[in-house]
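Visitor: So the protein sequences, as listed, match chains A and B. Position one of the first sequence corresponds to residue 1 (our numbering), numbered consecutively onward. Position one of the second sequence corresponds to residue 72 (our numbering), numbered consecutively onward.
The hints are simulated quantities; they were obtained by calculation from the structure and are not laboratory data. Here the structure is a predicted model, which is why all the values come from computation and not from measurement. Just so you know, even glycine gets a beta-carbon here, dropped at the ideal spot from N, CA and C. Check each hint, because a few of them may be wrong.
Taking lysine-lysine and the BS3-like style, the derived pairs with C-alpha atoms no more than 27 Å apart in a straight line are [said to hold, decoys possible]:
(1) Lys-141(B) / Lys-22(A)
(2) Lys-348(B) / Lys-36(A)
(3) Lys-22(A) / Lys-10(A)
(4) Lys-22(A) / Lys-67(A)
(5) Lys-348(B) / Lys-323(B)
Example chain B residues on the side facing chain A (calculated, C-beta under 7 Å, incomplete) [claimed, not checked]:
(6) Ala-84
(7) Asp-103
(8) Leu-112
(9) Leu-118
(10) Ala-123
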Amino acid sequence: MELEKAEFVKVLERQMAALPAKFREVLVLRNVEGLKYEEIAVVLQCSVGTVKSRIARAREALREAMKDELR
Amino acid sequence: MSQCEAIRNEMSAYLDGELAESEQAEVRAHLDCCERCRRHLAELQRLSHGVAHLPRLEPPPGFVAAVREKLSARNEARSWVDIVFRPLWLKLPLEAVAVVTVAVGVMFLAQVQQKRGSHVAGAPAPEAMATTAKPSDVALRTEAATAKGLRAENETRERKGAQGASLQREERLFAAAPEAMPSSGRAPAAAGERGLGRRVGALAPAEAGTQATQKTDSGTQRSAVETVRVWSSDPSQMEQRVRTVLETLGGKVIETKERDQSLRSFRARVPATRVAKFKAQLAELNAESKSAPGLSRLHAEADGMGADAGKFRLQEAERAEAMTELEIQIAAPPAR
Numbered sequence: 001m002e003l004e005k006a007e008f009v010k011v012l013e014r015q016m017a018a019l020p021a022k023f024r025e026v027l028v029l030r031n032v033e034g035l036k037y038e039e040i041a042v043v044l045q046c047s048v049g050t051v052k053s054r055i056a057r058a059r060e061a062l063r064e065a066m067k068d069e070l071r
Numbered sequence: 072m073s074q075c076e077a078i079r080n081e082m083s084a085y086l087d088g089e090l091a092e093s094e095q096a097e098v099r100a101h102l103d104c105c106e107r108c109r110r111h112l113a114e115l116q117r118l119s120h121g122v123a124h125l126p127r128l129e130p131p132p133g134f135v136a137a138v139r140e141k142l143s144a145r146n147e148a149r150s151w152v153d154i155v156f157r158p159l160w161l162k163l164p165l166e167a168v169a170v171v172t173v174a175v176g177v178m179f180l181a182q183v184q185q186k187r188g189s190h191v192a193g194a195p196a197p198e199a200m201a202t203t204a205k206p207s208d209v210a211l212r213t214e215a216a217t218a219k220g221l222r223a224e225n226e227t228r229e230r231k232g233a234q235g236a237s238l239q240r241e242e243r244l245f246a247a248a249p250e251a252m253p254s255s256g257r258a259p260a261a262a263g264e265r266g267l268g269r270r271v272g273a274l275a276p277a278e279a280g281t282q283a284t285q286k287t288d289s290g291t292q293r294s295a296v297e298t299v300r301v302w303s304s305d306p307s308q309m310e311q312r313v314r315t316v317l318e319t320l321g322g323k324v325i326e327t328k329e330r331d332q333s334l335r336s337f338r339a340r341v342p343a344t345r346v347a348k349f350k351a352q353l354a355e356l357n358a359e360s361k362s363a364p365g366l367s368r369l370h371a372e373a374d375g376m377g378a379d380a381g382k383f384r385l386q387e388a389e390r391a392e393a394m395t396e397l398e399i400q401i402a403a404p405p406a407r
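Just chain A, same shape as in the assembly (with noise of 0.2 Å):
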């Protein structure tokens, strides 16, 4: 299990280093900063809306990338 979980840190890692950078950039300022979509749109000086869908879309190629590593 907690090879298992290093694994999937490791694949992680190279997954988000992978992915552009505006998609990369939204999820740090999101989930590791914890900052809100509002704060986030003021940072990158574009629409909340913008944040919102470039967000879904981050986590969904995220996803896509990592799909054998979810199941």
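Put chain B on the given structure of chain A with help from the hints.
Guide: This is chain B only, laid out in the frame that chain A set:
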């Protein structure tokens, strides 16, 4: 779009607690009855949790502080573009209204200014006319008188020959427009003809009438007093004649200005209806002083007027305002 698809579009925001209350309820209701979407949500949660705890994704020192600072600084130091234009929906209409207001204001002011400008430019016009008209008014006469003068001139020319005629002509020109007379004594023929034309055109009882109205309308406008000039080698004698004519016509001297050997001038009031006649008489005097110094003609005219004089004075008393003020100058022509 199936319901699952629609829900999954919102799932990420649902996970972050960024959905409105109603949307949240909708997603929850779907999750309650959809196994696949529940699994999907669980995967997203796992990924998010993983991302949040990735060791290598620890932000570099100062990154968080920089982000926070940027957030707070945004409220203070906004770029001028932000200040001027954002929020666009609020400021753009305001700015448009401001621009239109200023434009309309400027146009209005310009119009007012223009109107005032034309008033200022228009006001002194009669006055300017009075001053510039001097040369032509000097020898004011009726058209008949002018014609007579020309005839006399022609006769003189025939009598005295070209030399004498040219001299005579110059004298007449001098009487008409002494300012235009060059000191050498030779006036260009073209200028002379123009002078004559203006003389003929300038006199008109109608014009005198207008001036009288103008005078009564604006009694304070002293500067608009017209100047009539008479030329004589003996100004004091000529002044007597002019005064005689003036009194005969029911006018009176109101102010004596110059009592010089070579220049005499005084202000006089002439009944408005008699201004033209008065000017004509002065023109006659002017002409006579240039040729034969005979006074018989003047006396005859004056006698003719005599019967009417009393009536004029009465009328003058009745409507004192219908007087036209003139400045009369009697000057000796400069020695040549």
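Visitor: Against this structure, judge whether each hint is valid.
Guide: Here's how the hints hold up against the structure:
1. About 19 Å separates the Cα atoms of Lys-141(B) and Lys-22(A), which keeps this hinted pair within 27 Å; it holds.
2. As the CA atoms of Lys-348(B) and Lys-36(A) are separated by approximately 101 Å, the hinted pair breaks the 27 Å bound.
3. Restraint check: the Cα-Cα separation between Lys-22(A) and Lys-10(A) comes to about 21 Å, which is no more than 27 Å; the hinted pair holds.
4. Between Lys-22(A) and Lys-67(A) the CA atoms are separated by roughly 21 Å; this keeps the pair inside 27 Å, and the hint holds.
5. Pair hint Lys-348(B) plus Lys-323(B) holds up; C-alpha atoms about 15 Å apart against a cutoff of 27 Å.
6. Hint status for Ala-84(B): holds, given a least beta-carbon distance of 5 Å to chain A, under 7 Å.
7. The closest approach between the C-beta of Asp-103(B) and any C-beta of chain A is roughly 21 Å, which is over the 7 Å cut-off, so the hint fails.
8. Hint status for Leu-112(B): violated, given a least beta-carbon distance of 11 Å to chain A, over 7 Å.
9. Residue-level restraint check for Leu-118(B) holds (minimum Cβ-Cβ distance to chain A is 5 Å; threshold 7 Å).
10. Hint on Ala-123(B) holds. Least Cβ distance to chain A is approximately 4 Å, under the 7 Å limit.
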